[in-house]
Amino acid sequence: MRIIPRIDIKNDYAIKGINLEGNRKIGNPNELGVKYYHDKADEIIFMDSVASLYGKNNIFELIKKLTKNIFIPITIGGGIRNISDITKALNSGADKVAINSAFINNPELITEAVKIFGSSTIVASIETKKNKKGDWAIFYKNGREKSNILLDDWLTKLSTEQVGEIFITSIDYEGTKQGFDEELLDKILKKRLEIPIIYCGGCGKLDHIKKVSKKLKHDAISIASVLHYDVLKISEIKSELKL
Amino acid sequence: MKKKICILDYGLGNIYSLKNSIEKVGFKAYYFSEASDINYDLLFLPGVGSFSKAAKLLKKNNLSQIINNSNREKKGIIGICLGMQILLKKGFEDGSNEGLNLIDGTVEKIKAKKEYKLPNIGWKNVFFKKNKDINYLDKFDSQKFYFVHSYEANLKDKKMIIGYSDFYEKKIASVIFKSNIIGFQFHPEKSGEIGLELLRETIKYF
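Heads up: the sequence lines are chains A and B, in that order. Letter 183 of the first sequence, counting from 1, is numbered 183 in the working numbering, and no numbers are missing. Letter 44 of the second sequence, counting from 1, is numbered 44 in the working numbering, and no numbers are missing.
Read the hints as simulated data drawn from the structure, not as lab findings. Mixed in with the good hints, there may be bad ones.
Stated by the list, open to error - Straight-line Cα separation of at most 30 Å, DSBU-like style, residue types lysine-lysine; simulated pairs:
| id | chain 1 | residue 1 | chain 2 | residue 2 |
| --- | --- | --- | --- | --- |
| 1 | A | Lys177 | A | Lys191 |
| 2 | B | Lys114 | B | Lys132 |
| 3 | A | Lys238 | B | Lys4 |
| 4 | A | Lys88 | B | Lys158 |
| 5 | B | Lys89 | B | Lys170 |
| 6 | A | Lys40 | B | Lys124 |
| 7 | A | Lys217 | B | Lys170 |
| 8 | A | Lys190 | A | Lys35 |
| 9 | B | Lys170 | A | Lys190 |
| 10 | A | Lys190 | A | Lys217 |
| 11 | B | Lys3 | B | Lys130 |
| 12 | B | Lys89 | B | Lys111 |
| 13 | A | Lys64 | B | Lys4 |
| 14 | A | Lys214 | B | Lys124 |
Go ahead and model the full structure; you've got the sequences and the hints to work with.
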């Protein structure tokens, strides 16, 4: 299982919210990235949390600086709308892009992106939340907008399109530190996807990671609060779990 | 005199991070485009994307010719990931396509149980075989490097495989070598400090 720190960014600051809302500044994204790099992160995900809302993207300049000091795979997400944005991201030093809103608005982009850049560059990002009927609905624009798509259908679609990875955030659990959403995880695992997933949302302590690590042997988890607030170190997690 | 290092920019992948890494270990590199200086000492073939796309791009602009000439002049050629795969004769990603044919073999999808999942992503131990013709790699034996790929290189002459890694019960050709050519299936430029060290030593050697 890979351990991937997630750093949310808003206007040059690293931020952290709860349920993708109420963002609090927690530091400099570059410094955090370098710290996690030296702490043996497998990869790092940077998400521009407002880019898709305002249709702008400042993250490229930041990534350019960042990749001068970090020599592990970097995924960037947030506000990537088209092929030209993907090219810009890669030319800034990113290795992969995570895309949510643009795939929902324009599913043809999935096919096109995978064809041009290859599966391994394209990470489909999913933000999901349980609705009253007990189904998981797909959200976009950093959890603010609800789509008509249900999780099950969307997972099928994304795996048919052969994206490289699926990055799944549980909006209900994100930032809460109450543990990963295991109900959602079990639902996803039932799909027996042939594509690696990166599971995100809710990690508050080592036990939470231990609990999901057996289920996610061939996959990854993404964590934020526990690292930003110095509850855990990646190197500790790895030695505890023998990763 | 410092080596002149060229990164072939054929329109695929994260060449910026490769340039960064080369600079980080104390060398300078420039991108190759049509009008560029071909008097380099060392050529990097990077690459993320599909074999078929890479094959087509290399045919365009006479790039394969330039690479072949460099090989004839025994210049160092370093292939990374798809850049390694494209050194082979043929690839079967997205149809059947001719590679550079500098090394005999084919590139095929990794055959594995479905539950193992592809791409093969993550940090894997790489085991180097002793080879009397290339002696700087011993210290990298059993270290972890970052992989991301769904296709693998099947070499005709297995002796050219000087490093492998495990993908469950399979062995994946991870480092291939033939006189002035070396290829890495993993990404040294994305493999942290040990990856940078490998990059530095490789540049010095070739």
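Taking the hints in turn, this is what the structure says about them:
no. : hint                : verdict
1   : Lys177/A - Lys191/A : holds, 26 Å
2   : Lys114/B - Lys132/B : violated, 39 Å
3   : Lys238/A - Lys4/B   : violated, 40 Å
4   : Lys88/A - Lys158/B  : violated, 39 Å
5   : Lys89/B - Lys170/B  : holds, 22 Å
6   : Lys40/A - Lys124/B  : holds, 14 Å
7   : Lys217/A - Lys170/B : holds, 17 Å
8   : Lys190/A - Lys35/A  : violated, 36 Å
9   : Lys170/B - Lys190/A : holds, 26 Å
10  : Lys190/A - Lys217/A : holds, 15 Å
11  : Lys3/B - Lys130/B   : holds, 27 Å
12  : Lys89/B - Lys111/B  : holds, 20 Å
13  : Lys64/A - Lys4/B    : holds, 24 Å
14  : Lys214/A - Lys124/B : holds, 19 Å
Violation of the numbered hints given earlier is confined to hints 2, 3, 4, 8; the remaining hints are satisfied by the structure.
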